[in-house]
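J.: For the record, the sequence lines run as chains A and B. Okay, so the first sequence: first residue is 1 according to our numbering, each after it adds one. Okay, so the second sequence: first residue is 355 according to our numbering, each after it adds one.
I should point out that these hints are in silico values taken from the structure, not numbers from a laboratory. You may find that some hints are simply not true.
What the hints assert, rightly or not - Here are the simulated distance ranges between beta carbons:
#, chain 1, residue 1, chain 2, residue 2, range
1, B, P537, A, E56, 23 to 33 Å
2, A, G41, B, I594, 50 to 60 Å
3, A, A129, B, A379, 50 to 60 Å
4, B, R509, A, L72, 26 to 36 Å
5, B, L426, A, G41, 38 to 48 Å
6, A, E197, B, Q441, 32 to 42 Å
7, B, A591, A, G41, 55 to 65 Å
8, B, R509, A, A117, 35 to 45 Å
9, B, Q405, A, R114, 54 to 64 Å
10, B, W434, A, D274, 57 to 67 Å
Each residue gets a CB set at the ideal place from its N, CA and C atoms; glycine is no exception.
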Amino acid sequence: MAEPFLSIQHVRKSFGATTVVEDFNLDVAPGEFVSFLGPSGCGKTTVLRMVAGFEEPSAGKIVVGGKDITRLKPNQRNVGMVFQAYALFPNLTVAQNIAFGLKVGGMPKPDADRRVAEMLDMIKLPQMADRYPYQLSGGQQQRIALARAIAPKPKLLLLDEPLSALDAKVRVSLREEIRSIQKKLGITTIFVTHDQEEALSISDRIAVMYGGRAEQVGTPFEIYNRPATKFVANFVGTLNVLEGKVTDAASGKVQVNSQEVSLKGKLNGSKSGDTLSLALRPEAISLGRQPGHDASLSGEIAEVHFLGSVIRVRVGIGGNTVSLDTFNNSTTPPPVVGDKADISFSSGDMLVLH
Amino acid sequence: MKSGRFWAWFVFLLGAAYFFIPLIATIEFSLRMRRGVYSFDAYKVVLGDSQFQATFMFSVIVAVFTILLGVLIVVPTAYWIRLRLPQLRPIVEFVTLLPLVIPAIVIVFGYIRMYGSNSPLPFLGSNLGANALLVIGYAALALPYMYRAVDTGLRTIDVRTLTEAAQILGAGWGTIIARVILPNVLIAVLSGAFLTFAIVIGEFTMASLLNRPAFGPYLQNLVANRAYEPAALSIIAFIITWGCMSLIQILSRFAPKSANRPN
Ligand SMILES: Nc1ncnc2c1ncn2[C@@H]1O[C@H](COP(=O)(O)OP(=O)(O)OP(=O)(O)O)[C@@H](O)[C@H]1O
Ligand SMILES: [Mg+2]
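Excised from the complex, chain A in its bound form (with noise of 0.2 Å):
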């Protein structure tokens, strides 16, 4: 990475004897949108509001535009932030909410008047600056405030959950209009959510966090396709798990349920004995043995589920049971349960979890 704009270092942060961030460390590219998405409690929010200033950490350093701002009071960090609950203020107008940050600021009525106007043209509200927040729906309001937070023009946006609070339809074109705007001014902007579905469909990156910590960093497409950690490939996607027994390390040969898988070069640094969790994605398993794929294994359909273009089916393999999905066909029955099946997959696509 060039330059990044906001660089959080080794940050840590304990409320009396418990620390709910440990050893945090994130480099943000100017311009560029990361995601954190992780459980609830993991400390997603507490690192937001490290970075807006209204908790100090207990360690370490945060530093915007080359400057460090650990110690920096909220009011001075010039960031923009948009809350779950919207916190509009409520004795104010739509335009006087979003002149809220200008006037502050000192800047003239004339100039706030215009910025307001621009604002409310880019959110798609124009005809709603003098009424209240009372008056306005949910979504609208999360609008207004996404507005207010950027009139100033902050150097970074931080956006804490804003979406949770809406229906899912509203939630889905919000989100690709929080991205459009954020794409188009450029601003640096860090988003948390818990919905995977959210990080993966707008983030350039996403940090994916676990008990105070990032467990990896990268682009929605690494971190599906590549889950660094356990945790990392449970929580993204569905995974189905096997675990493995190395029998040969040199040439790949692992046990699974008694049969045997070769994985050739995906076992690095694993020796003979070792017992390995082994993970596959649903949609790179195929039922019966398909040309292409290396590996298979021989099991027992135990569930059909029959989603419409999708049939959701579950395969006992010994002790394990592995899902995969199939494409409805007017012309093929769905399979049975109880009858014998083979799935075969491409080892390259078989994840080696440790």
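Here the structure of chain A is known, so what remains is to put chain B with the ligands in place on it, guided by the hints.
T.: What follows is chain B with the ligands alone, placed relative to chain A:
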């Protein structure tokens, strides 16, 4: 069903009678100053009395300053306790209740001893000082009502998130309190202010012991020496009270609705 309705009306009429009979009797009595006919003579006498005007104005001004002082002390305190020191709430609530437990006479004797004309802080050495002391004393008396009203108002808004939203937009504490917190608890502040006003207008002990030309001592004097005028005064006070209350009602219609909690 039928008897239920009967009892409901019975209780309602009983309550209405309890409330209205003394009021009507007082009005009737206040109109009987001129022998044999109803007249507004008592009201004319009261309103025309220069002492009435002077003491009433004095008390109104004292009330206004008391309200300002109360708001200046209570709003930031209640706000800060909600925001940063919630563990202190029970203690602060206890302290604000003390003026209800400690009689005003105790407070005022304390003041006289501490701020007498030959003490290091001779508040009582000048008129202005004594007036200031009266305002301070009244602010203490009104504390239980003011604090409770403001604290209740703060409960209806998301103090912490609104504060943080303002902070991240660059606002300092003064701006946050003046432009975000105060406007959103204005109705609560107004009801606190109204209660303060009511306390100050009628207060006797402090005003008389500090020897201030206030409305309370004037009222006391009138009640002791006249017949019809006190009744007229009671009605005037009643009208002022109701006027204030309807004003709060009207103002609250214009108040911002709280919309910062998604549902
Ligand atoms: N002020 C605080 N005092 C004590 N513990 C806190 C405080 N703030 C957060 N924590 C704890 O820190 C941990 C991380 O909290 P945080 O709010 O960062 O989680 P999160 O990842 O944002 O979760 P969610 O998805 O539920 O919002 C939690 O276990 C929480 O209880
Ligand atoms: Mg959170």
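J.: Look at each hint and say if it fits the structure.
T.: Outcome of the hint check:
no. : hint                         : in the structure
1   : B/P537 to A/E56: 23 to 33 Å  : 30 Å, holds
2   : A/G41 to B/I594: 50 to 60 Å  : 56 Å, holds
3   : A/A129 to B/A379: 50 to 60 Å : 56 Å, holds
4   : B/R509 to A/L72: 26 to 36 Å  : 32 Å, holds
5   : B/L426 to A/G41: 38 to 48 Å  : 41 Å, holds
6   : A/E197 to B/Q441: 32 to 42 Å : 41 Å, holds
7   : B/A591 to A/G41: 55 to 65 Å  : 58 Å, holds
8   : B/R509 to A/A117: 35 to 45 Å : 36 Å, holds
9   : B/Q405 to A/R114: 54 to 64 Å : 59 Å, holds
10  : B/W434 to A/D274: 57 to 67 Å : 59 Å, holds
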